[in-house]
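Final position of the sequence shown in our numbering is 92; the numbers increase by one with none missing.
What the hints contain is simulated information worked out from the structure, not anything from laboratory work. Bear in mind the structure is a predicted one, so any value in this text is a computation, not a measurement. Fair warning: there could be bad hints in the mix.
Stated by the list, open to error - The calculated label-pair distances, taken between Cβ atoms and stated as ranges, are: (1) Pro-52 <-> Met-1: 24 to 32 Å; (2) Val-60 <-> Ser-22: 52 to 60 Å; (3) Leu-48 <-> Ser-22: 52 to 60 Å; (4) Val-50 <-> Tyr-10: 46 to 54 Å.
We put the CB at the ideal spot given by N, CA and C, even for glycine.
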Amino acid sequence: METLFSDIRYAIRSLLKRPGFSAIIVLTLTLGIGANTAIFTVTNAVMLRVLPVRDPQQLVILSDPDSQGWRKGWETEPDSLFLSRIRVAARS
1 METLFSDIRY
11 AIRSLLKRPG
21 FSAIIVLTLT
31 LGIGANTAIF
41 TVTNAVMLRV
51 LPVRDPQQLV
61 ILSDPDSQGW
71 RKGWETEPDS
81 LFLSRIRVAA
91 RS
């Protein structure tokens with residue numbers, strides 16, 4: 001355990017000797033943690049929480065098929081993760 005504390009003290013001393021490098025480390029960690037938090041927040045709101053609608057089983061996806069039958073739209077596959085989440089939320 002003492003080795004760990006001496007390693008931490010050495011790391012702190014090394015970082016204090018190079019303030020520019022320390023600032024880059026702090027900035028990198030800040031950006032990484034912020035990006036991770038933002039992605040989790042969006043994922044939590046879209047996929048993990050129950051949708052805030054009255055009848056989620058009645059939600060539909062509108063698409064506009066072109067002349068070859070290709071669908072244009074955000075989500076076209078009926079078995080997508082998003083739609084399966086809606087179905088699970090509708091049953092519960």
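Results of checking the hints against the structure:
1. Between Pro-52 and Met-1 the Cβ separation comes to about 49 Å, which falls outside the hinted range of 24 to 32 Å.
2. For the hinted restraint 52 to 60 Å between Val-60 and Ser-22, the CB-CB distance of approximately 54 Å keeps it satisfied.
3. Leu-48 and Ser-22 have their C-beta atoms about 36 Å apart, which leaves the hinted 52 to 60 Å range violated.
4. Separated by about 50 Å at the C-beta atoms, Val-50 and Tyr-10 satisfy the suggested range of 46 to 54 Å.
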